[in-house]
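The primary structure of each chain is shown beneath.
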Amino acid sequence: MSSSRTRNGPTLNFKAVLLGEGCVGKTSLVLRYMEDRFNAQHLSTLQASFVTRKLSLEDGRRAQLNIWDTAGQERFHALGPIYYRGSDGALLVYDITDRDSFQKVKSWVRELRQMRGTEIALIIVGNKTDLEEQRSVTHDEALPYARTVGAQYVETSAKENEGVAELFDLLTHLMLEQLSQRQPDASPLRLQTSDTDTFNNSEDSEAPDPGDPAGQRSCCGI
Amino acid sequence: MGGYSMPANQLIPHFLTDLPPLNKRLSGNAGSSRIIYLHNLATKTIHNKGTPTDKALYFHSHTSEMSTAARPPSLRLGQQDLKCRSGCGFYGTPQNEGLCSMCFREKFNDKQRKLKQKAGETGPGSSTSVATLDRRSPQHAHLQGKVEQQVRKSLDKEQDHLGTLQKKKFTAVLQKTLQAGAQKITQQRSHVPDPTEGQFLLQLRQLRIPDDGKRKLKLEIQRLDSDIRKYMNGNGGKNINELSDLVQNAYTKVSDIVHNDPSFEIATNEDRDSAIDFFEKVVMTQNHKFLFSPYFTTDEDSDVKVQKRIRQLSWITAKHLDCSIDEVNSEARDLVYNAISELVGIDSYYSPQEKLQCTWRCCRHIFELLKRATGGPASADDFLPALIFVVLKANPVRLHSNINFVTRFTNASRVMSGESGYYFTNLCSAIAFIENLNGESLGISSEEFEALMSGQQPYSTPWESALLACESLHLISENMKRMEMLQKRNALISSGITSFEKELIDFQREVTERVDTVIAKAPLNLLPIKTPAFLIGQARAHLLSEGEAGHYQANMLHGGSLTSQSLTAVGGLAKPTAASEDTGLTLKDTSMSSMGRLSPLQQNVQPADNLFASPIFNYTAFDAVSLLEEPVSEANTDVLMLGSEFQGGLTNINYDFDLSDQSGENSTADESKLNLDEFDPLAQKSSAVQPPPPLPETSLLDSTTDSLIDSEVPATAVLLPSPLKPEVSNYRGFSNFDIPSISCNTGDFSSLGHDGADAPK
Chain A
1 MSSSRTRNGP TLNFKAVLLG EGCVGKTSLV LRYMEDRFNA QHLSTLQASF
51 VTRKLSLEDG RRAQLNIWDT AGQERFHALG PIYYRGSDGA LLVYDITDRD
101 SFQKVKSWVR ELRQMRGTEI ALIIVGNKTD LEEQRSVTHD EALPYARTVG
151 AQYVETSAKE NEGVAELFDL LTHLMLEQLS QRQPDASPLR LQTSDTDTFN
201 NSEDSEAPDP GDPAGQRSCC GI
Chain B
1 MGGYSMPANQ LIPHFLTDLP PLNKRLSGNA GSSRIIYLHN LATKTIHNKG
51 TPTDKALYFH SHTSEMSTAA RPPSLRLGQQ DLKCRSGCGF YGTPQNEGLC
101 SMCFREKFND KQRKLKQKAG ETGPGSSTSV ATLDRRSPQH AHLQGKVEQQ
151 VRKSLDKEQD HLGTLQKKKF TAVLQKTLQA GAQKITQQRS HVPDPTEGQF
201 LLQLRQLRIP DDGKRKLKLE IQRLDSDIRK YMNGNGGKNI NELSDLVQNA
251 YTKVSDIVHN DPSFEIATNE DRDSAIDFFE KVVMTQNHKF LFSPYFTTDE
301 DSDVKVQKRI RQLSWITAKH LDCSIDEVNS EARDLVYNAI SELVGIDSYY
351 SPQEKLQCTW RCCRHIFELL KRATGGPASA DDFLPALIFV VLKANPVRLH
401 SNINFVTRFT NASRVMSGES GYYFTNLCSA IAFIENLNGE SLGISSEEFE
451 ALMSGQQPYS TPWESALLAC ESLHLISENM KRMEMLQKRN ALISSGITSF
501 EKELIDFQRE VTERVDTVIA KAPLNLLPIK TPAFLIGQAR AHLLSEGEAG
551 HYQANMLHGG SLTSQSLTAV GGLAKPTAAS EDTGLTLKDT SMSSMGRLSP
601 LQQNVQPADN LFASPIFNYT AFDAVSLLEE PVSEANTDVL MLGSEFQGGL
651 TNINYDFDLS DQSGENSTAD ESKLNLDEFD PLAQKSSAVQ PPPPLPETSL
701 LDSTTDSLID SEVPATAVLL PSPLKPEVSN YRGFSNFDIP SISCNTGDFS
751 SLGHDGADAP K
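Line by line, the protein sequences are chains A and B.
Using UniProt numbering, the first residue of the first sequence is number 1, and each one after it goes up by one.
Using UniProt numbering, the first residue of the second sequence is number 1, and each one after it goes up by one.
Among these hints, one or two may not hold up.
[What the hints assert, rightly or not] Per the computed footprint, the stretches of chain A lying under chain B, defined by three or more beta-carbons under 8 Å from a beta-carbon of chain B, are:
#1 11-20
#2 24-35
#3 52-66
#4 69-77
[Said to hold, decoys possible] Not the full set, but computed from the structure, chain B residues with beta-carbon under 10 Å of chain A:
#5 ARG364
#6 LEU384
#7 ALA432
#8 SER441
[What the hints assert, rightly or not] Beta-carbon label-pair distances, calculated as ranges:
#9 THR138/A with ASP322/B: 48 to 54 Å
#10 ARG110/A with ARG223/B: 43 to 49 Å
#11 ASP322/B with GLN181/A: 36 to 42 Å
FYI, nobody ran anything at the bench for these hints, they're computed from the structure.
A virtual CB, placed ideally from N, CA and C, is assigned to each residue, including glycine.
Start from the sequences, fold in the hints, and give me the full structure.
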């Protein structure tokens with residue numbers, strides 16, 4: 001039974017929020033991600049603020065990745081907690097050509113760490129690398145900052161489709177990790193039972209190098 | 001009790017939609033017992049009013065308020081439904097089983113007494129529900145009283161807050177409506193098993209999980225059901241969070257069972273999920289009354305607050321929110337309306353799932369709207385402002401109660417993930433935004449914001465004005481269309497009129513022309529020239545000599561004059577016929593008849609030539625004279641041609657004269673059928689044509705007519721005799737058929753003669 005349970009176990013539900021100032025490319029990232037993998041038929045969806053993707057983990061389990069876009073306007077900043085409540089991961093997106101958006105990310109990080117502690121996986125995303133010549137936030141500045149707050153750092157270009165898939169793979173991996181750490185006292189919505197063994201498996205295979213995005217890709221069945 | 005100051009219009013739709021209730025043991029519900037209590041107060045006041053009219057008025061005032069206040073038209077009650085079932089004309093109430101209070105008392109006195117005994121001092125409403133409760137779970141019955149007392153306490157406390165009378169009135173309305181709903185629930189339950197219960201059982205049976213699993217699921221449902229009830233009926237302090245935890249734990253437990261219990265082993269993941277969904281739906285629907293906005297929460301206060309706030313914010317436009325809704329576009333407006341109706345509809349569903357679905361549909365409409373506005377999949381940056389706008393414009397009822405109900409009692413994973421969870425979260429944040437809204441977040445100064453909020457500064461919102469304008473514009477455009485159509489029609493009519501006028505003028509001209517030409521020809525009537533004059537003398541002399549008064553006789557006497565007589569007779573006959581009826585048939589008939597008469601005379605045709613002069617004058621005396629004279633005066637051969645020519649011309653003229661003849665002479669015309677058409681100049685042709693068919697000679701006549709007209713004018717005197725000759729020839733040719741032509745000629749001549757005769761007169 002346990003094997004069948006492992007195969008058909010409840011779908012793992014991951015929720016990730018996209019945070020960041022307006023116009024930094026949150027929606028573009030999501031669209032690019034969905035388009036790349038599923039092409040037009042999924043892009044033809046009505047909206048790009050909520051996307052969901054089913055993933056098959058390499059251990060045979062299935063996971064559903066829900067990505068919640070949030071309104072980036074400053075006036076809606078206060079509504080953040082409503083969105084990131086109960087989320088497993090957060091993508092903090094900024095525009096590498098816009099220093100203000102990076103400051104905004106910092107404020108999000110502070111808030112998230114304060115509200116959610118370490119139970120939420122954070123990835124700081126420097127978007128628009130295609131505008132390298134206009135860059136105002138350097139890689140050397142962002143990466144150390146991410147390290148200090150315990151977040152991953154990824155640079156992407158939604159326009160050129162650089163690093164997008166890697167970003168979401170990393171996100172999935174991080175959230176899986178979070179989940180396995182929380183395993184003992186999982187919340188009611190986590191259908192954790194009898195999945196422990198498989199979790200260990202996944203941890204074994206993916207734990208070694210969480211910092212390297214390239215190493216994470218394997219966690220998602222492609 | 002502040003919660004009840006909420007305007008009735010926002011409560012009524014809820015009450016109406018709440019009518020088909022799904023929770024079973026309503027009586028255990030503290031909320032409903034509070035309502036019952038209030039209802040008793042209300043009924044007391046009603047009954048104290050005494051006269052039936054008072055009562056009717058009372059009911060009427062409230063019912064009308066109800067029906068007009070209900071916002072969604074679909075949820076409106078018809079007046080018919082409000083009347084007493086016994087048809088007494090007063091308004092009935094659901095708690096009286098659709099009867100008015102008087103009828104209800106009469107018919108159900110005994111029954112009520114029994115119930116009262118059972119239920120003690122509580123009113124009829126709660127007594128029935130207690131009975132139901134008894135039937136179902138006896139252990140709850142004794143709790144009822146305590147709960148009621150407790151509720152009353154809290155109610156009393158709350159009522160202290162109710163300062164004004166008006167608020168009390170509101171409460172009266174409210175209690176009545178809610179009570180009505182509650183009563184209907186118990187009623188339904190008393191007759192038939194709860195339909196929803198049966199439905200759920202059916203659904204349970206249809207679940208594709210093993211029977212063992214179903215049994216377990218049912219057990220769990222019953223357990224949670226009774227747990228909730230126990231908690232609600234318990235004496236201890238109540239905390240909504242505890243209740244929420246209770247439910248959430250049950251969900252966890254069920255999902256644990258569903259996913260791990262051996263009895264579910266063969267089920268697929270989808271079936272497991274549907275089993276969990278089913279569990280949630282059943283429990284939530286059945287306990288909606290308990291769990292929705294429970295009395296120990298401040299949900300209702302929040303509802304009122306946010307409602308009031310939204311009303312204050314009615315001036316907010318899409319521009320304030322930076323959202324790309326085109327308020328003036330009708331298509332966009334329709335979508336906004338759809339979204340609004342879905343949003344408002346959230347309140348009408350029982351289970352959290354359905355409420356979430358409603359939210360989902362609402363947001364779908366918004367996305368559709370945004371997609372059209374922006375041309376691509378909308379992002380959250382666009383979506384949230386649009387949602388806020390829709391919430392502001394919808395101002396849904398019991399917003400907080402609904403939101404809280406979902407967040408507390410739905411499976412937590414549902415709102416934390418999934419599309420509807422996302423939308424729900426957005427709805428929550430939209431509400432949060434609205435509640436914390438300030439000038440800054442709308443991009444206006446705080447002074448302006450304050451002014452707008454307090455209503456000091458009127459703000460004509462494009463939305464409102466667009467609605468108004470659209471309404472009137474719609475009317476205008478419709479009217480314009482109508483006007484355009486009318487204008488077209490009018491133009492058509494006027495053009496028709498002008499063309500008709502032209503035609504008329506043309507016709508008139510034609511007629512006058514013809515008349516003129518005819519008149520121009522008519523002068524030919526030189527007839528008066530009275531060439532006859534000497535003839536007359538001669539004729540008279542002849543007559544005298546003959547001693548005959550009537551021309552017939554004169555003719556007869558002359559022997560050869562027989563024909564002439566016949567001719568005159570024919571002329572007499574033919575004249576009216578030609579005048580009155582140009583139709584060939586009548587003419588023929590008369591001519592035939594005359595011919596019949598004439599036929600014997602035909603042999604004497606030749607002498608008749610002379611006789612013809614007489615018909616010209618139409619006067620018997622002249623006729624007779626002319627008969628005698630003509631042969632003498634005219635050279636037969638010369639006249640023959642002219643005469644035949646003349647005939648045609650004369651025939652033409654003849655008709656004109658015939659008219660006058662008829663009016664003047666009448667005598668003969670009366671016999672024949674009157675047909676005014678014949679007087680028409682146009683009819684000439686037919687008359688002219690008519691004679692030819694029978695006779696080849698007539699064609700001769702026709703051909704001559706044209707030339708005759710020209711030639712006519714000068715030699716009238718000469719012409720007069722001429723007709724005689726062709727006729728003669730006619731007679732020779734075709735004894736029988738000639739007559740019509742003859743008749744015409746004679747008629748013509750006679751008329752001419754007559755005219756001439758008239759003139760001298």
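Against the structure, the hints come out as follows:
no., hint, verdict
1, 11-20, "holds (count 5)"
2, 24-35, "holds (count 3)"
3, 52-66, "holds (count 3)"
4, 69-77, "holds (count 7)"
5, ARG364, "holds (7 Å)"
6, LEU384, "holds (4 Å)"
7, ALA432, "holds (6 Å)"
8, SER441, "holds (4 Å)"
9, THR138/A with ASP322/B: 48 to 54 Å, "violated (32 Å)"
10, ARG110/A with ARG223/B: 43 to 49 Å, "holds (45 Å)"
11, ASP322/B with GLN181/A: 36 to 42 Å, "holds (40 Å)"
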